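Read top to bottom, the protein sequences are chains A, B, C and D. Numbering-wise (the UniProt record's numbering), the first sequence opens with residue 1 and increments by one. Numbering-wise (the UniProt record's numbering), the second sequence opens with residue 1 and increments by one. Numbering-wise (the UniProt record's numbering), the third sequence opens with residue 1 and increments by one. Numbering-wise (the UniProt record's numbering), the fourth sequence opens with residue 1 and increments by one.
Wrong hints could be hidden among the right ones.
Any copy, or any two copies together, can satisfy a pair, since identical chains are not distinguished.
Unchecked claim - Cross-link-like lysine to any residue pairs, in silico, SDA-like; alpha carbons within 25 Å at most:
hint: 1; residue 1: 127; residue 2: 111
hint: 2; residue 1: 17; residue 2: 7
hint: 3; residue 1: 110; residue 2: 122
hint: 4; residue 1: 110; residue 2: 45
hint: 5; residue 1: 110; residue 2: 126
hint: 6; residue 1: 110; residue 2: 16
hint: 7; residue 1: 110; residue 2: 140
hint: 8; residue 1: 110; residue 2: 95
hint: 9; residue 1: 17; residue 2: 46
hint: 10; residue 1: 107; residue 2: 95
hint: 11; residue 1: 107; residue 2: 7
hint: 12; residue 1: 110; residue 2: 50
hint: 13; residue 1: 17; residue 2: 51
hint: 14; residue 1: 110; residue 2: 128
hint: 15; residue 1: 110; residue 2: 92
It is worth saying that the hints were derived from the structure and are not from the lab. From a predicted model like this one, the values you see are computed outputs, not experimental measurements.
Read off the chains here:
4 protein chains.
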Amino acid sequence: MPIDQSIIQARVDAGFKRANFIADLGIRPTACGPGWVEAELPILPRHFQQGGFVHAGVQSTLADHTAGAAAATLLEDNFSLLTIEFKVNLLRPAQCETLLCRAEILKPGKQICVAEAEVFALQNGEKRLFSKTTVTLAVLPVAATLPR
Amino acid sequence: MPIDQSIIQARVDAGFKRANFIADLGIRPTACGPGWVEAELPILPRHFQQGGFVHAGVQSTLADHTAGAAAATLLEDNFSLLTIEFKVNLLRPAQCETLLCRAEILKPGKQICVAEAEVFALQNGEKRLFSKTTVTLAVLPVAATLPR
Amino acid sequence: MPIDQSIIQARVDAGFKRANFIADLGIRPTACGPGWVEAELPILPRHFQQGGFVHAGVQSTLADHTAGAAAATLLEDNFSLLTIEFKVNLLRPAQCETLLCRAEILKPGKQICVAEAEVFALQNGEKRLFSKTTVTLAVLPVAATLPR
Amino acid sequence: MPIDQSIIQARVDAGFKRANFIADLGIRPTACGPGWVEAELPILPRHFQQGGFVHAGVQSTLADHTAGAAAATLLEDNFSLLTIEFKVNLLRPAQCETLLCRAEILKPGKQICVAEAEVFALQNGEKRLFSKTTVTLAVLPVAATLPR
Chain A
1 MPIDQSIIQA RVDAGFKRAN FIADLGIRPT ACGPGWVEAE LPILPRHFQQ
51 GGFVHAGVQS TLADHTAGAA AATLLEDNFS LLTIEFKVNL LRPAQCETLL
101 CRAEILKPGK QICVAEAEVF ALQNGEKRLF SKTTVTLAVL PVAATLPR
Chain B
1 MPIDQSIIQA RVDAGFKRAN FIADLGIRPT ACGPGWVEAE LPILPRHFQQ
51 GGFVHAGVQS TLADHTAGAA AATLLEDNFS LLTIEFKVNL LRPAQCETLL
101 CRAEILKPGK QICVAEAEVF ALQNGEKRLF SKTTVTLAVL PVAATLPR
Chain C
1 MPIDQSIIQA RVDAGFKRAN FIADLGIRPT ACGPGWVEAE LPILPRHFQQ
51 GGFVHAGVQS TLADHTAGAA AATLLEDNFS LLTIEFKVNL LRPAQCETLL
101 CRAEILKPGK QICVAEAEVF ALQNGEKRLF SKTTVTLAVL PVAATLPR
Chain D
1 MPIDQSIIQA RVDAGFKRAN FIADLGIRPT ACGPGWVEAE LPILPRHFQQ
51 GGFVHAGVQS TLADHTAGAA AATLLEDNFS LLTIEFKVNL LRPAQCETLL
101 CRAEILKPGK QICVAEAEVF ALQNGEKRLF SKTTVTLAVL PVAATLPR
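Produce the complete structure using the sequences and hints provided.
The following block contains the structure:
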């Protein structure tokens, strides 16, 4: 049964707000639907590595979290998600004012869900792709005693 | 020709201090030698994901940066490093006071260098492994006009 | 300067025929263009794993080789390619008469080239995706003394 | 409860013999214990890529299958394994008479199991490492109607 858009929206918003590290970095969701989420991060000097580019860790945090949110849009009640592994290819040094991310589900599943996330910037209206990440997530029943 | 330990130490220290994102998170190197680096991160609430565990992005930032530092210990003069890709397996939810990382070079090379990094905590003197990352780096000549 | 289609075709054909393991398995190219290659493998019982599905090793061989061929379509003269690493997600058990693969270049480069390959079958005209692979290749000058 | 060595041995032997692709390539197990398996492959010209080296697909088949066997040594009755994803770093071109592999479990689990596999040759008694693979496997209950 498809999940209502208002429920999807609420889940995605909560998933970004309640994650301290994501709020601390400045990452926020911008759009979502069943099986996909978009997010953005205004870049500050504190996000840089030694060469003045956005650190790979910033890119992978944005990709992993947005991918998890995309998986959450398809989740049945009383289930939660955990990233098992991810793999990121850094395609070119990243310099921009705002880092964008779009994550989509490649394969939904009752136990395993696979998502892909692109991290990019817009330059003159064109997408400049900085990295691409594949994320594998486990779908787990929510146990009452686990921290939410 | 082996590189002097004081040069290794200076390189590693600089590589952590001059990377804003690493300094901002609180990551610092604790030991190093030819082909390996150890680092640590005192965990604060801002490093958490929504469930109260250390965010996967924090773990992968620590792993990627420490792996790059391990590669830098073997680097010849006038060459620099760039992460091409990394892959992290998250083995169990991470909760601890201090996150530790040890990165070692699996295969040095004049063009490509491969490193592995373990992220873990010590509990009663035993290593509790949270994640393992493989990092592939490109070795590039330093061009005078590139930001250092 | 774009490479002529007849040169691309000749390169791709040679790249499949001269690789013993590829010829032995029965893999052959079916179409190609600048930055992409398609290939197929008629499935025989010898390609199975213990459950009667196509072995993951067969899928990854098909994906890796087709990705390398896609990279070769963009290669300048006197350069060759070497797979540095690949990562494959197996999305569902694979059963079919003919395994298909399409590989595309995600990011071309003078030193590093990244390709993606989908392995799938057609069922009632629809693509049934079995696995997706990301391949990172090094672009290397051809040395006269290296085996071709 | 630890599993008897004779049961481990029987499982590993069956896991290699009943997989057509593995038998066809010539891969056979040589030793095993709880959480680890070793295997070997006598190299023939049909295993080569175009340059006369062992094809990456041969190495990854050997690594994936041996890793799955290592996971099987820890499996409880009525459960089976499926590779979700693997990632291989090819460290140097592989030329040898016999390709060896040792796979070990990095993290056992009731739902997800992670293994590492090294593919190498012995030269003058020393290990020459050709590739390293990380394999993530799902642990699934055996349903009566699934092909074994």
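To see whether the hints hold, each was checked on the structure:
Taking the shortest alpha-carbon separations for residue 127 and residue 111, only the inter-copy value of 22 Å comes in at or below 25 Å, while the best intra-copy value is 33 Å. Taking identical chains as interchangeable, the C-alpha atoms of residue 17 and residue 7 lie at most 25 Å apart only when both belong to the same chain, with a minimum of 15 Å there against 43 Å between chains. Only between protomers do residue 110 and residue 122 lie at most 25 Å apart by alpha-carbon distance; the minimum there is 24 Å, versus 35 Å within a single protomer. Proximity of residue 110 and residue 45 under a CA criterion of 25 Å is satisfied in neither setting, with 41 Å inside one chain copy and 30 Å between copies.
For the homomeric pair residue 110 and residue 126, the shortest alpha-carbon distance between copies (22 Å) is at most 25 Å, but the shortest distance inside one copy (36 Å) is not. In this assembly of identical chains, the alpha carbons of residue 110 and residue 16 lie at most 25 Å apart only when taken from the same copy (23 Å versus 29 Å across copies). In this homomeric assembly, residue 110 and residue 140 come within 25 Å of each other (Cα to Cα) both inside a single copy, at 9 Å, and across copies, at 12 Å. With identical chains, the CA atoms of residue 110 and residue 95 are at most 25 Å apart between copies only, with a shortest distance of 20 Å across copies and 38 Å within one.
For a Cα distance limit of 25 Å, the shortest separation of residue 17 from residue 46 qualifies both inside one copy, at 20 Å, and across copies, at 12 Å. Proximity of residue 107 and residue 95 under a CA criterion of 25 Å is satisfied inter-copy only: 17 Å between copies versus 31 Å inside one chain copy. Within a single copy, residue 107 and residue 7 get their C-alpha atoms as close as 21 Å, which meets the 25 Å cut-off; across copies the closest is 36 Å, which misses it. In this homomeric assembly, residue 110 and residue 50 come within 25 Å of each other (Cα to Cα) only across copies, at 22 Å, whereas the closest approach inside a single copy is 42 Å.
Only between protomers do residue 17 and residue 51 lie at most 25 Å apart by alpha-carbon distance; the minimum there is 12 Å, versus 30 Å within a single protomer. Taking CA atoms no more than 25 Å apart as the test, residue 110 paired with residue 128 passes between copies only; the shortest distance there is 18 Å, against 34 Å inside one copy. Only between protomers do residue 110 and residue 92 lie at most 25 Å apart by alpha-carbon distance; the minimum there is 12 Å, versus 35 Å within a single protomer.
Figure legend: structure checked against the earlier numbered hints; the only hint not met is number 4.
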